[in-house]
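**Student:** Each chain, letter by letter, is given below.
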Amino acid sequence: MPAVQETVERVRAIDVDQYKYGFVTDIESEKAPKGLSEDTVRYISARKNEPEWMLEWRLDAYRRWLTMEEPTWARVSYPRIDFQDYYYYSAPKAAPKSIDEIDPEILKTYEKLGIPLRERDALLGIQREGGSKVAVDAVFDSVSVATTFKEELAKAGVIFMPISEAIREHPELVKKYLGSVVPVSDNFYATLNSAVFSDGSFVYVPKGVRCPMELSTYFRINERNTGQFERTLIIADEGAYVSYLEGCTAPQRDENQLHAAVVELVALKDAEIKYSTVQNWYPGDKDGKGGIYNFVTKRGDCRGDNSKISWTQVETGSAITWKYPSCILRGDNSQGEFYSIAISNGHQQVDSGTKMIHLGKNTSSRIISKGIAAGHSDNTYRGLVSAHRKATGARNFTNCDSLLIGDLCGAHTVPYMEAKNASAQFEHEATTSKISEDQLFYCLQRGLSQEEAVALIVNGFVRDVLQQLPMEFAVEAQKLIAVSLEGSVG
Amino acid sequence: MLEIRNLHARIGENEILKGLDLTIPDGEVHAIMGPNGSGKSTLSYVLSGKPDYEVTDGSVSFDGADLLALDASARAAAGVFLAFQYPIEIPGVANMTFLRAAMNAQRKARGEEEISTPDFLKLVRAKAPDLGISQDMLRRGVNVGFSGGEKKRNEILQMTLLEPKLCILDETDSGLDIDALKVVSHGVNALRSPKRSMLVITHYQRLLDHIVPDVVHVMHKGRIVRSGGPELALELEESGYAAYAQDAA
Ligand SMILES: Nc1ncnc2c1ncn2[C@@H]1O[C@H](COP(=O)(O)OP(=O)(O)OP(=O)(O)O)[C@@H](O)[C@H]1O
Ligand SMILES: [Mg+2]
Numbered sequence: 001m002p003a004v005q006e007t008v009e010r011v012r013a014i015d016v017d018q019y020k021y022g023f024v025t026d027i028e029s030e031k032a033p034k035g036l037s038e039d040t041v042r043y044i045s046a047r048k049n050e051p052e053w054m055l056e057w058r059l060d061a062y063r064r065w066l067t068m069e070e071p072t073w074a075r076v077s078y079p080r081i082d083f084q085d086y087y088y089y090s091a092p093k094a095a096p097k098s099i100d101e102i103d104p105e106i107l108k109t110y111e112k113l114g115i116p117l118r119e120r121d122a123l124l125g126i127q128r129e130g131g132s133k134v135a136v137d138a139v140f141d142s143v144s145v146a147t148t149f150k151e152e153l154a155k156a157g158v159i160f161m162p163i164s165e166a167i168r169e170h171p172e173l174v175k176k177y178l179g180s181v182v183p184v185s186d187n188f189y190a191t192l193n194s195a196v197f198s199d200g201s202f203v204y205v206p207k208g209v210r211c212p213m214e215l216s217t218y219f220r221i222n223e224r225n226t227g228q229f230e231r232t233l234i235i236a237d238e239g240a241y242v243s244y245l246e247g248c249t250a251p252q253r254d255e256n257q258l259h260a261a262v263v264e265l266v267a268l269k270d271a272e273i274k275y276s277t278v279q280n281w282y283p284g285d286k287d288g289k290g291g292i293y294n295f296v297t298k299r300g301d302c303r304g305d306n307s308k309i310s311w312t313q314v315e316t317g318s319a320i321t322w323k324y325p326s327c328i329l330r331g332d333n334s335q336g337e338f339y340s341i342a343i344s345n346g347h348q349q350v351d352s353g354t355k356m357i358h359l360g361k362n363t364s365s366r367i368i369s370k371g372i373a374a375g376h377s378d379n380t381y382r383g384l385v386s387a388h389r390k391a392t393g394a395r396n397f398t399n400c401d402s403l404l405i406g407d408l409c410g411a412h413t414v415p416y417m418e419a420k421n422a423s424a425q426f427e428h429e430a431t432t433s434k435i436s437e438d439q440l441f442y443c444l445q446r447g448l449s450q451e452e453a454v455a456l457i458v459n460g461f462v463r464d465v466l467q468q469l470p471m472e473f474a475v476e477a478q479k480l481i482a483v484s485l486e487g488s489v490g
Numbered sequence: 491m492l493e494i495r496n497l498h499a500r501i502g503e504n505e506i507l508k509g510l511d512l513t514i515p516d517g518e519v520h521a522i523m524g525p526n527g528s529g530k531s532t533l534s535y536v537l538s539g540k541p542d543y544e545v546t547d548g549s550v551s552f553d554g555a556d557l558l559a560l561d562a563s564a565r566a567a568a569g570v571f572l573a574f575q576y577p578i579e580i581p582g583v584a585n586m587t588f589l590r591a592a593m594n595a596q597r598k599a600r601g602e603e604e605i606s607t608p609d610f611l612k613l614v615r616a617k618a619p620d621l622g623i624s625q626d627m628l629r630r631g632v633n634v635g636f637s638g639g640e641k642k643r644n645e646i647l648q649m650t651l652l653e654p655k656l657c658i659l660d661e662t663d664s665g666l667d668i669d670a671l672k673v674v675s676h677g678v679n680a681l682r683s684p685k686r687s688m689l690v691i692t693h694y695q696r697l698l699d700h701i702v703p704d705v706v707h708v709m710h711k712g713r714i715v716r717s718g719g720p721e722l723a724l725e726l727e728e729s730g731y732a733a734y735a736q737d738a739a
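So the protein lines, in turn, are chains A and B.
Here my numbering is used: the first residue of the first sequence is 1, the next is one more, and so on.
Here my numbering is used: the first residue of the second sequence is 491, the next is one more, and so on.
Looking at chain B on its own, in the form it has when it is part of the complex:
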């Protein structure tokens, strides 16, 4: 699914990713943990094609294709989805309108028919309640006036409807209360499939109790410095990142 080789990327003068390697096979869920500022969000932006980030070296292949050659919307249509650490507000654009515009844009890019209004409504009505998203939230402006937790749940609703191949979740657990964490995890787990891979960025082991990863990576100063099974997350919870700080210094 995803193969990242020696990825170097910078924003302005700052090099933030410094030779990152990561492979996620089809159907696997990989978690990335790492201290603040280690470049986790940067990785998610570079993968999803945020314009300000410049890749200076390395390669990213996605389903065999050169991901870096595509612009952001083409990557989305190809199946890359980023659940934002800080979802963006778009005043005046009803959440429903946005969802539908996104679905149809991706369909159009893939040469598919637009979704009909009844089908779209049916789909939303089927998926929204499970994520605790009310009619009111669907009518309101995209993320406008949503609580932190509501924004995160809204991201998962978008992800559910768009059915991406690669889901990148950037700290989707931050700002969630215990119940919401379960709701979100349930939503994410429902999307696990042999054809879909996930990259879950988190600071806390407790998310990984709910979304059990196949592999856990430790990111530090723009590189993956260690990889292991789910038990690695437990170990980090105990001892923190001090050991890596010395290695990489």
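The following block holds chain A by itself, in its conformation from the complex:
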């Protein structure tokens, strides 16, 4: 049997039920009643002790959402979602005041995920190679249950807290920036999120401050039928710099779980935001049943001159991924970057990419996308690069590579380019390749197993993007890539 054929066979025999993080934590949780109505929105807002203006904002979103249609243009297919069949809020019973009050079950879960919250290490700031510190704002289900490192950050003037707290403590900042990048009526899922968002992170880095540590959040979905509606808002004021890491994994579930996050980034003059994601939501079982539906709106606004926003993502999980982290290059000389690794296996469907909207003068953007499709999966890169009439000197470089493992999967590239200014220079490169039998045999002849060979070749394929991740994240991501393909070769 030819080597590639054999890989195909093994991919076919994939047992995603062995999903590494497929465990469930048993904690009592408090839920909003099933379904979505104005009452649900009021319930959520009340539970969070929100001020009146926030409730009004949510209700406005909810009313708009009622008039909107679910989008169907993405290359994904799934049974119609009954939005009344979900819970829109769940929280661990009492919000803990200190780490000692945190449910030991939750801590155990984090330990399995390799987040030793209780460890002294973590309390002091996780020290890893290179000595950098990582702050963990742990989000469990819908409510943040532990926030560490707050004090050190406070010293630098950095605000890093659950957005639910920021709404109460920094209403002027939240009012000013929330919805300013992704408007309430932006799209079906973003509008839904605006109505019912549960929690997420809020980051404000003041003028001229370089955030002293990388900020990190781990998310998990843990409640049956609980939608997870993360809302994150990051603002880098003039001359500020921040690097934010987001990683997540979710336990195994039978029913499809809805996830519609909104992330907004604002970079003012001379500011830079680096946002890295490793996404590993439950992808569903071997027949594609039960995985997470991930409809994400992530957008960064390079609002000031010379600002820069860089998105790096490693997408390995979810049954459905609908996600286009984008940059609005409003400031003159602003820069946007998108580095992406999207792996699909089993019956996963990924439709992901980016939008680079060039508005200011001499703006530049760079897109490096690596899609890997195995099993029966479908992997689509969808990108838009546009230059406004007044965006003189806009430049873009796009490189989209797809790698296929087996014959039953698909890779698609859908690039849109629109230059309304004649001086725009857009370059686009795209390749589609397969892991060749010769490459596999070469590796096997040197003693590597089939799985090791595939992981090695794939890691080589995505190297340009891995290099963009912060060191400690890159190592994790590399492992994750091996793990997600491990499932694929038995």
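FYI, nobody ran anything at the bench for these hints, they're computed from the structure.
We put the CB at the ideal spot given by N, CA and C, even for glycine.
Do not rely on the hints blindly, as some may be mistaken.
Said to hold, decoys possible - Derived DSS-like pairs (lysine-lysine); straight-line CA-CA distance at most 30 Å:
| hint | chain 1 | residue 1 | chain 2 | residue 2 |
| --- | --- | --- | --- | --- |
| 1 | B | Lys598 | A | Lys479 |
| 2 | A | Lys434 | B | Lys598 |
| 3 | A | Lys289 | A | Lys361 |
| 4 | B | Lys711 | B | Lys655 |
What the hints assert, rightly or not - Stretch-level coverage of chain B by chain A, calculated; a stretch enters the list once three of its residues show a Cβ under 8 Å from a Cβ in chain A:
| hint | stretch |
| --- | --- |
| 5 | 532-543 |
| 6 | 549-563 |
Go by the hints and put chain B with the ligands onto chain A.
**Tutor:** Relative to the frame of chain A, chain B with the ligands by itself:
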């Protein structure tokens, strides 16, 4: 070490090995010469377990075990190494990373400890310069952008580090300049040992000036048609394969 009996193998519908017999005792170096298309590379692939080749008859015993029962990586771990006629490129995978992954995979398969980073670096630093392999070549993607000669030297570096029992060299001399030929031959000779056997496939006698074989075989249309001492290579250099073409026709 290696005992091949009546080996028949095909790819697709084409039978390429047609009853091949070959025995290589421990520590010996055997050369195979033969016209293009006679099946030399095919033999090397069949021995190393390339998936597309189907063995239809015969047997191969390696150190007393049934080699054909093992998959390619198990054969590698058992000590079969093939220096490819056309080494394969693997973009993005640093040569060093690949070397280390291969060493550790084989060690793991044999139930041994993984090599530590300092030991590995020491080993590579000790062996690479002799083969003219620069730091830059170690950092670059496996064989990516390597010249023909560099690829061949890289194969010998892998062979040196992996310390196989049976080395199969498929036209390792082709594409080498005169100096590189010496470097490679020196590297190969350094690996000669009473416990290691070699099968050297070549078209040219000049390689055998450097790597002096114990036995030379002539392969034609999928079989060994004649065997002799090193002088057989000289004779072939003179008269070519015309005589065999008639025999086998
Ligand atoms: N994939 C294949 N499909 C069909 N025929 C093949 C295939 N690979 C090799 N062959 C045929 O098998 C025969 C032997 O090829 P092989 O490469 O073993 O010859 P060789 O002795 O190594 O030749 P050379 O000296 O040119 O390297 C040739 O006729 C070749 O065309
Ligand atoms: Mg050949």
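**Student:** Which hints from the list above does the structure break, by number from lowest to highest?
**Tutor:** 3
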